[in-house]
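Following the hints, complete the assembly by docking chain B onto the known chain A.
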Amino acid sequence: MTEKKPLSLYVHIPFCIKKCLYCDFLSFPLKSQTQNIENYVNQLCREIEYKNSQYSGEEYRVISVFFGGGTPSSIDARYIEKILCKLRGVFSFDKDAEITIEVNPGTVDEDKLTTYYKAGINRLSFGLQSACDEELKTLGRIHNYDTFEKNFALARRVGFTNINVDLMSAIPNQTVASWEWNLNQIIRLNPEHISAYSLIVEEGTPFYDMELKLPSEEDERAMYAMTGDKLLTAGYEQYEISNYGKPGFECKHNIVYWKRGDYLGFGISAASLVGNLRISNVTSMEDYLLGQYEDTETKELLSLQEEMGEAMFLGLRMTEGVSEEAFVKRYGITITDQYPGVIEKYVRQGLLERRKGHIFLTKEGMNLANAVMCEFV
Amino acid sequence: MDQSKIRNFCIIAHIDHGKSTLADRIIEKTGLLTSREMQAQILDNMDLERERGITIKAQSVRTVYKAKNGEEYIFNLIDTPGHVDFNYEVSRSLAACDGAILVVDAAQGIEAQTLANVYLALDHDLDVFPVINKIDLPSAEPQRVIDEIEDIIGIEAQDAPLISAKNGIGIEEVLEAIVEKIPAPKGDAKKPLQALIFDSLYDSYKGVIVFCRIMEGSVKKGTPIKMMATGATADVVEVGYFGAGQFIPCDELSAGMVGYITASIKNVKDTAVGDTVTNAQNPCDKPLPGYKKVQSMVYCGMYPADGAKYPDLRDALEKLQLNDASLHYEPETSIALGFGFRCGFLGLLHLEIIQERLEREYNLDLVTTAPGVIYKVHKTDGEVIDLTNPSNLPDPTEIDYMEEPIVSAEIMVTKEFVGSIMELCQERRGRYIDMEYMEETRALLKYELPLNEIIYDFFDALKSRSKGYASFDYEMKGYEESQLVKLDILINKEEVDALSFIVHKDSAYERGRKMCEKLKDEIPRHLFEIPIQAAVGGKVIARETVKAMRKDVLAKCYGGDITRKKKLLEKQKEGKKRMRQIGNVEIPQKAFMSVLKLDEK
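Protein chains in written order, with my numbering: chain A, 1 to 377; chain B, 1001 to 1601.
Be a bit skeptical, because a hint or two may be false.
Stated by the list, open to error - List time: in silico PhoX-like cross-link candidates among lysine-lysine, alpha-carbon distance up to 25 Å:
id : chain 1 : residue 1 : chain 2 : residue 2
1  : A       : K19       : B       : K1565
2  : B       : K1551     : A       : K213
3  : A       : K345      : B       : K1551
4  : A       : K299      : B       : K1571
5  : A       : K5        : A       : K329
6  : B       : K1309     : B       : K1576
7  : A       : K252      : A       : K356
8  : A       : K246      : B       : K1556
9  : B       : K1556     : A       : K18
10 : B       : K1576     : A       : K345
These are calculated hints, taken from the structure and not from any lab test.
So here's chain B without its partners, still in its complex pose:
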């Protein structure tokens, strides 16, 4: 394969700016696939992704483009996840490319996430060229957006194609630009194999399918390979490239190419994203840079609503993990919720996605506890514990001090909302770092925020306080000492472990009060009065009461009523079934979740 005829690139964009639609058009225009074969969006092949309009797992596709100069080019389009939770995956996908198309919405202009992704791409030395999308919108201001790109990002944008991916306008221009502006790959097919894993997928027939970009050397059936970071070895069974929606085997993948390898590998853990594949008998000198072991940032407990479904939940998590190495879980037991798992996620979106997949694809009813971050507990005896479950917090007398993770956040917001967003950051214990005006109407706010303040509902709050105009991006900064306490909830005088969480001591009262109020609404009345209390270190700081039930009776029931009344009783019984018994109080499952959304009015 002539390297000069290969273009490896990705598309970067803010959510909803039209990345996937453009990808579809590129695939359509480059043939290999008729319009009839096109699904609405080819790259996002998980239902959930299509519904949420975001890409969760990086996908990739190879197409053939006949350019105006008469030559045929191979386009390897590597799709990148579009959310801050998946930053590492994004960075590895970028590393597999030689250039990037930056899609900017002609009406919305640059957003915080656009910037973050562009900088990430520039960090990887990618050649980035902009495309202005949605020019058919009445509110489109392409020239303003072009100026903005030049001013803020500092890349040439005057000749950016003006397109509408949705309506197929300007796609040819984009294809030509790919040929002209994205450099051909380099690399020597004679050198020892050096390939970057940017994703992997578990297939029940083929085992793990490794998605990789060959940097140096070549690989084919029978090549003994080794993953340099995980140390896993295997013999290659098949290599090939990505047709749209299918795997097409080929004889060999060589330097500059993008494709897949299968080697009867049983677990995606062995093929970590960012790892380097080399020839086990003729290894390269050193692995490609940038490999990181993926760290979970957010933890929560996941329990089956029906205790008997515990094995089902375990099986489902096992299956999901085959495809998602960033999902961590280990069994745990809660007094309130029984047997379940403490699960680790890249972020809250990742958590929500896993939760939804468990519920939809595996038909499980889940109870999720409040998500928390990893706290570092420094004990007086010098031991340091990574605390992921508030219930495991040692006795206060054994604690010297605690630390919590801090992130550097960038928030882009239009001028009129700067005040309210700063207020929000202040409320969330943010530390103001800097503010710069990107242009007259827009500012970039920089804050350092404790991660535990943003995992709950920060994103929602941000959107609602800016009428949707703020965008947000963050990265881990490190740990800082902090005055943290464990807030316990007592229902009818019994501590409910699943409702405990770690909170800054200044927020404890407020949070405790809100928790009690929320729980009061969620817990149905019983035959007796139920006190709900929030306590810190055994001291009650807030209290609400669920009054006793006085009346629960159907005044009449005659011949014509019986079926309907029976249904009412059945419904009541169903409701009871979904309750958790704590002492002699029945707590509905959703009470455990409702406390995640304390700011909802």
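Next up, chain A with everything else stripped away, as it sits in the complex:
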């Protein structure tokens, strides 16, 4: 028997109690959807079977699962249990598979967390965003910091030993000092992993049409630099543009995206990559509930050229960068031959570094990543 290939699974739960002002993910207000949740979960289960047979699920072993949203913790924990049960029934799982669920403060209690824990979920990702209530209000979040702290403690008590906290910098009206205070608060709690994003005001979100007093570019970059420094001192290593973890606690699931491993996504708007086939699911709840999962129009077979472009721009997001050996092994050509002169140009400009068989962005390169990345697409 040949060895099974690693596979990651993503499950999209598109429900939220209330949509945040900056959010550009696909989600629906919970209240309007109570009827649909059950149907949606049933369709998810069907899609799991469909994709398993469609993409030869038996050839794979699952190394990670990620429940994202939306707010996966906003629906009844039974549903999560049911979905996970389905996944386990259909696919074979590695024993130490990383199974993450995103939870929002205020949407979990002891029962819920216990259900997750018993179902085999071994990683929590708290969508905190800010430790400052004023800033939470600005973002349109429904929780306050106190609730989060209680939830966090509860999670520890239930038994979770791998917890991520999402933070957001460059929030309107935020200062460098208030950001520092945010970091200190979270460091004190000592989670295993911290994601710290700089706010992007995306078109189509309420923020886009609002007059916001955003921090200056200088302040924003000062916040970013401070994040890396402070977290490093506190024992967190930066391993991606916005992600920091204690050694051994890097998020396996997300690394699969950046290394272009195989993954299957379930639920509306979820994305899959199987070999060089990229699939996006439909974004319409109606279509999905009628059993139409994949958006056939956007399904694409990537050319080798496109695959390599992705490998470069995704790989460069990580501090370890792109392994030259792995690249040539997978795509059959060296990075230097494929992109003549490009690496050298940016090494000269101090944005890229080439060391020990890896090409990666320098600190300055991280600030200006797009300028480098766009050379490869």
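What follows is chain B alone, placed relative to chain A:
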């Protein structure tokens, strides 16, 4: 053909007063063509013309009209271009006619261009009769316009047909008026051939098709012909006349007729507009008067956005020139833009039309440098240079003095805007000549203006400062000495040749400052700070700075994002591709063009 049954005429009008629509109606009513065959506007057969609502190349059509007196008449309607840039073409078209219909908008009345065209027609001894169009408009004031025509132009207008070309009202009246008021041609078919070229067209099968009016004599297949000005000779292959949208061959064209000649001529340069065609073996005594070699008034550099498309641009210009003898070009090299061409045009509209045709019909992406005029540089050693490219300006120590072209301009404007238009002319270094009130509410301003002050955006400024009520016409007056300097732009301390231009020394600071401001907005931030400077003779007179880029990164990218983020990066890369590398600064193509519109706020 009985000469007394021929009417050769044209329609003159201000832009948008309905010339082409009336032409369509005349063609429709005179048959030879069913309504179904009619394109929206038959005479303007280039797409671009239809879109812009103007006629670029003179077209012509022959129709048959059965008049109320029972007789059949041949109408040769010669279309004339409608813009000041094409004044010479207009004058040659007029010379091919015996009369003209003057179309005046019943609401707008007489405009500067109407006047210019009427005077041009009267200069050619044409019988002009007016037609009042758009009488169906609620704002129409036909009587006021009739009075205006009589007062200002001094032609009889009381019995002018009141029509609506758009709605087909009053067209019969116009047709009868053509028969009655336009004189039949004269000329003797027995005399040696003497024909006026008023246009030509290149056809890949027939070669050049010469549009002409036979003044004397006759021409048919086999006639050896000679162009008297260019000296080109050929044997006639075919003669014929113009059906609507088609060429209809006939046996012979004789005195009084309008038609076409083909003779396997390869280049429209050989058949210059205004030239006289005669019989090579039996030539006429002297050519028809009025021939002029067409001079380019405005020059600019045209470069392919993608350097590899240089041969494509050359081929496209070559093809356009086959049909447009007034387009001039010669290769040039710019440090900033690479290989391209210095092109000469009749005016800014002509430039824009060529630019658009290159982009649309030939699918080329162009970078155009600031248009300039021809300066005369008098060197200390007595040599005089016609300067069309600012980069070729000799060292200041070698220059004795410089001259620039001046035009006489007439601007017609309603009373309330006289002040602001005078101000505009003053700003553009205009010299006030005269002002007369045409009637109580309207004035005709006469100014002398340097051509280089009006080629940029004068027309736009005029329109915006008069809320669209001013109209404008000009003609070359001559050259005058002027205090001119070359303004250079330095980006990151490097001079960008394609951005240099000649300017009056009093405007240099203002222009330099505006250029720097504009460029600052157009040049994207780089990884380093970029100074933008304007300099005259090595002395910096204005400066702006493009700050260094500090952040250009997408905070997140997960499974569901990858396609979208990839598209963003692709877009960024595309943007980079359209940049020009000057030193280590990338300048977007549109930065070169944006400096043409400095007055835009």
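Handout entry: Hint check against the structure, violated hint numbers in rising order
Key = none
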